[in-house]
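4 protein chains.
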Amino acid sequence: MSDQDVYAKQGFGNSSGFGRSVALVMVDFVNGFNDPNLFGGGNIGEAIAATQKLLAFARRQRLPIAHTRVVYAEDGSDAGVFRLKAPSLSVLTETAHASQIVPELTPEPGELIIRKTQPSAFFDTPLTHWLISKGVDTLLVTGCTTSGCVRATVVDSMSSNFRTIVVTDCVGDRAMAPHEANLFDMGQKYADLLTSEQVMAHLAKA
Amino acid sequence: MSDQDVYAKQGFGNSSGFGRSVALVMVDFVNGFNDPNLFGGGNIGEAIAATQKLLAFARRQRLPIAHTRVVYAEDGSDAGVFRLKAPSLSVLTETAHASQIVPELTPEPGELIIRKTQPSAFFDTPLTHWLISKGVDTLLVTGCTTSGCVRATVVDSMSSNFRTIVVTDCVGDRAMAPHEANLFDMGQKYADLLTSEQVMAHLAKA
Amino acid sequence: MSDQDVYAKQGFGNSSGFGRSVALVMVDFVNGFNDPNLFGGGNIGEAIAATQKLLAFARRQRLPIAHTRVVYAEDGSDAGVFRLKAPSLSVLTETAHASQIVPELTPEPGELIIRKTQPSAFFDTPLTHWLISKGVDTLLVTGCTTSGCVRATVVDSMSSNFRTIVVTDCVGDRAMAPHEANLFDMGQKYADLLTSEQVMAHLAKA
Amino acid sequence: MSDQDVYAKQGFGNSSGFGRSVALVMVDFVNGFNDPNLFGGGNIGEAIAATQKLLAFARRQRLPIAHTRVVYAEDGSDAGVFRLKAPSLSVLTETAHASQIVPELTPEPGELIIRKTQPSAFFDTPLTHWLISKGVDTLLVTGCTTSGCVRATVVDSMSSNFRTIVVTDCVGDRAMAPHEANLFDMGQKYADLLTSEQVMAHLAKA
Numbered sequence: 000m001s002d003q004d005v006y007a008k009q010g011f012g013n014s015s016g017f018g019r020s021v022a023l024v025m026v027d028f029v030n031g032f033n034d035p036n037l038f039g040g041g042n043i044g045e046a047i048a049a050t051q052k053l054l055a056f057a058r059r060q061r062l063p064i065a066h067t068r069v070v071y072a073e074d075g076s077d078a079g080v081f082r083l084k085a086p087s088l089s090v091l092t093e094t095a096h097a098s099q100i101v102p103e104l105t106p107e108p109g110e111l112i113i114r115k116t117q118p119s120a121f122f123d124t125p126l127t128h129w130l131i132s133k134g135v136d137t138l139l140v141t142g143c144t145t146s147g148c149v150r151a152t153v154v155d156s157m158s159s160n161f162r163t164i165v166v167t168d169c170v171g172d173r174a175m176a177p178h179e180a181n182l183f184d185m186g187q188k189y190a191d192l193l194t195s196e197q198v199m200a201h202l203a204k205a
Numbered sequence: 000m001s002d003q004d005v006y007a008k009q010g011f012g013n014s015s016g017f018g019r020s021v022a023l024v025m026v027d028f029v030n031g032f033n034d035p036n037l038f039g040g041g042n043i044g045e046a047i048a049a050t051q052k053l054l055a056f057a058r059r060q061r062l063p064i065a066h067t068r069v070v071y072a073e074d075g076s077d078a079g080v081f082r083l084k085a086p087s088l089s090v091l092t093e094t095a096h097a098s099q100i101v102p103e104l105t106p107e108p109g110e111l112i113i114r115k116t117q118p119s120a121f122f123d124t125p126l127t128h129w130l131i132s133k134g135v136d137t138l139l140v141t142g143c144t145t146s147g148c149v150r151a152t153v154v155d156s157m158s159s160n161f162r163t164i165v166v167t168d169c170v171g172d173r174a175m176a177p178h179e180a181n182l183f184d185m186g187q188k189y190a191d192l193l194t195s196e197q198v199m200a201h202l203a204k205a
Numbered sequence: 000m001s002d003q004d005v006y007a008k009q010g011f012g013n014s015s016g017f018g019r020s021v022a023l024v025m026v027d028f029v030n031g032f033n034d035p036n037l038f039g040g041g042n043i044g045e046a047i048a049a050t051q052k053l054l055a056f057a058r059r060q061r062l063p064i065a066h067t068r069v070v071y072a073e074d075g076s077d078a079g080v081f082r083l084k085a086p087s088l089s090v091l092t093e094t095a096h097a098s099q100i101v102p103e104l105t106p107e108p109g110e111l112i113i114r115k116t117q118p119s120a121f122f123d124t125p126l127t128h129w130l131i132s133k134g135v136d137t138l139l140v141t142g143c144t145t146s147g148c149v150r151a152t153v154v155d156s157m158s159s160n161f162r163t164i165v166v167t168d169c170v171g172d173r174a175m176a177p178h179e180a181n182l183f184d185m186g187q188k189y190a191d192l193l194t195s196e197q198v199m200a201h202l203a204k205a
Numbered sequence: 000m001s002d003q004d005v006y007a008k009q010g011f012g013n014s015s016g017f018g019r020s021v022a023l024v025m026v027d028f029v030n031g032f033n034d035p036n037l038f039g040g041g042n043i044g045e046a047i048a049a050t051q052k053l054l055a056f057a058r059r060q061r062l063p064i065a066h067t068r069v070v071y072a073e074d075g076s077d078a079g080v081f082r083l084k085a086p087s088l089s090v091l092t093e094t095a096h097a098s099q100i101v102p103e104l105t106p107e108p109g110e111l112i113i114r115k116t117q118p119s120a121f122f123d124t125p126l127t128h129w130l131i132s133k134g135v136d137t138l139l140v141t142g143c144t145t146s147g148c149v150r151a152t153v154v155d156s157m158s159s160n161f162r163t164i165v166v167t168d169c170v171g172d173r174a175m176a177p178h179e180a181n182l183f184d185m186g187q188k189y190a191d192l193l194t195s196e197q198v199m200a201h202l203a204k205a
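Chains as they are written, first to last, in numbering that gives the first Met the number 0: chain A, 0 to 205; chain B, 0 to 205; chain C, 0 to 205; chain D, 0 to 205.
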């Protein structure tokens, strides 16, 4: 029996669908994650290009939009376990080039910018409560990396009872095996997997 | 360049090590996840057997010990997105056989039992604050499934600044490819991967 | 200048109003808080009587309804700082008479029952995410005590971006000075203060 | 029977004491809360003066130290219910004079600075997890206002299982009745009330 069959037999892999009010979050699309010499590589560049179109669409549709950045204090006052596992992340400070959002996706006034220190966009941030203030029940997740901050964000989004959609061509990773493995896990248990074209077609009709 | 090499070059895969005070959590080792006709299969049975020894050791060492169960209300009052993705989980109610902890790991008085409704043992539960009350800084994670509730628990444990150790022979999954893929992700970014023998050898010396 | 004038001059005391979707929470209306020999007294009995009418109305209007209970483990495994300050709370266990919801407000199937160990109904509980699943943006808070679990719940509700309404005749306290002082604080900064009659008149029209 | 007697009879008002590892948090001691024409007044100036001595002591003792500031986005992207109740708070932006920490308490490198948008220093911030990273089990709370952000922080601190101490001469409020009423509530249920002299005497011996 294939893995897929095991999951199907046990009742996983159903669709949670769209609710009535959708927001877009872009996880960690910052220069440092678009640079193979820092934390980038793989298909992250393509994901940024695809997200540029989705972002333009979301702005036309006036969806609530949030961007996340990883930002650590210059003086190390917020050091923790994540930087024991990956000390190189400490370069991501407020003013570092590496932690600025990529030019293709520059935030516009009124879009939320979330500074975070952990993988999930929800962890120790106001994201849940901002989504409540906007009346959102469905979250489109884009960003990088699929196997890291996107996965962590998706698990928290679903756990928070937001219907969650991973926009498959708008998420990227430095390495393809983790990218694929995490899409499988998320699709089976936490989120629907849709292309940006499918998402835009659905929302254009709504 | 291999995936492993990409991660090494970018500064991932370091060890976060042991702190000074260790606790053990066993995630969702309940009958339903040890039954291939419900949510079990794969190497979960072996993980339970290995955890039985680790639990006996932890009791002798008087470590704080927590068990988790997935428990949903009989009347559906707590239905949410997780059960849109996996409706079959709804059988896990307070008194159902499927949601009782497996006999090999029956909790003893004084051990914390956490009822949860989402993948992470931390999500909407008192786990973080119980660990604070015990002065814990290091968490041994066991349980199932590796690619589901274990992974979600590990991400939250690390994000909460607990040094996190996945006990590799004490975690199991219904399918082996997700098991392996998630061990890779966790070892690179969130936790140290150690066998139960390595953990017990370290703690016996401490 | 009176306290009220100071707050007015500094820009506090505005109304946050009703949103589009309302839920009702009843905080800790359990036998032990309706018994002056345990944790009750003052105007708690009157608050229960007034809440009985509001609850009947909420059921007719099909509002989402949640009850909270304080529940501690029989074996002391979840002991913490709250029970250093108030050791007598430890009698509130799953099966104790003191921790059952008062007969006047017995939950009906489909109403959420939240077990909690801390003052706020939101702390380490699924309340936020259940409200998200119901599409709620406005929370009616009733219960006891005004200066304790009601106040803590109201602060978290407002902080979570729910428009929050304290139903003044449906909250009670063992002592009147703290009751009044906390109504003042909440009205100035966190919630609108309305009688049950005002609330029902508003919702009947909506 | 006096209020105090009611609380004593019901088992409240015990001491939670000091643990083994103490940190200091200073809540919202920013220019705007030290200016009676903005959000200040009352005894906040005296609280700042007393905290200056406690801070110097804490630095000599090398305690972990955290400062909080209220900071809202310039473009209103993070607007929520708190600013419906108190729209004037919106002046507290990253670069506004009103939201800078008062000169007497200027942070030193290595001290944590927490930006927050809600009353509690814990709400949507990394404070809990930073305290975990420092191995802290006891929190000294100072700041303003006693009936607002101090109270909310103290409830969350106790709920998180930190032994909590309100330093009575280091907390202040714009109005004295709420200051006193909230000291009463906190002392009965959530925290020990000690003067800065008592705290320093205890820690000097430890």
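If you're looking for bench data, these hints aren't it; they were derived computationally from the structure.
You may find that some hints are simply not true.
[Said to hold, decoys possible] Below 20 angstroms or equal to it, Euclidean Cα-Cα: the simulated PhoX-like pairs (lysine-lysine) are:
no. : chain 1 : residue 1 : chain 2 : residue 2
1   : D       : LYS204    : D       : LYS52
2   : C       : LYS8      : C       : LYS204
3   : B       : LYS133    : D       : LYS133
4   : B       : LYS133    : B       : LYS8
5   : A       : LYS204    : A       : LYS8
6   : A       : LYS133    : C       : LYS133
[Said to hold, decoys possible] Computed beta-carbon distance windows for the label pairs:
no. : chain 1 : residue 1 : chain 2 : residue 2 : range
7   : B       : GLU103    : A       : ASP4      : 44 to 50 angstroms
8   : D       : GLU107    : B       : GLN3      : 39 to 45 angstroms
9   : D       : PRO102    : B       : LYS204    : 47 to 53 angstroms
10  : A       : LYS204    : B       : ASP4      : 44 to 50 angstroms
11  : C       : SER87     : A       : SER87     : 49 to 55 angstroms
12  : D       : ALA48     : C       : PRO35     : 42 to 48 angstroms
13  : C       : ALA205    : D       : GLU107    : 51 to 57 angstroms
Glycine included, each C-beta is placed from N, C-alpha and C at the ideal position.
So, going through the hints one by one against the coordinates:
Under the criterion of a C-alpha separation no larger than 20 angstroms, the hint pairing LYS204 (chain D) with LYS52 (chain D) is consistent with the structure, at around 17 angstroms. The suggested pairing of LYS8 (chain C) with LYS204 (chain C) is violated, with an alpha-carbon distance near 34 angstroms, which exceeds 20 angstroms. The hinted pair formed by LYS133 (chain B) and LYS133 (chain D) meets the criterion: a straight-line CA distance of about 14 angstroms does not exceed 20 angstroms. A C-alpha spacing of about 38 angstroms is found between LYS133 (chain B) and LYS8 (chain B), which places the hinted pair above 20 angstroms, so the restraint is violated.
Our distance criterion of 20 angstroms between C-alpha atoms is broken by LYS204 (chain A) and LYS8 (chain A), whose separation comes to about 34 angstroms. Among the hinted pairs, LYS133 (chain A) with LYS133 (chain C) is consistent with the structure: their alpha-carbon atoms are about 14 angstroms apart, no more than 20 angstroms. For the hinted restraint 44 to 50 angstroms between GLU103 (chain B) and ASP4 (chain A), the CB-CB distance of approximately 28 angstroms leaves it violated. Our hint of 39 to 45 angstroms for GLU107 (chain D) and GLN3 (chain B) holds, since their Cβ atoms are close to 41 angstroms apart.
Separation of PRO102 (chain D) from LYS204 (chain B) is about 51 angstroms and conforms to the stated range, judged on CB atoms against 47 to 53 angstroms. Restraint check, LYS204 (chain A) to ASP4 (chain B): a C-beta distance of roughly 45 angstroms satisfies the suggested window 44 to 50 angstroms. A C-beta distance of roughly 52 angstroms is found between SER87 (chain C) and SER87 (chain A), which places it inside the suggested range of 49 to 55 angstroms. Taking 42 to 48 angstroms as the suggested C-beta distance range, the pair ALA48 (chain D) and PRO35 (chain C) conforms, at roughly 43 angstroms.
Between ALA205 (chain C) and GLU107 (chain D) the C-beta distance comes to about 54 angstroms, which sits within the given range of 51 to 57 angstroms.
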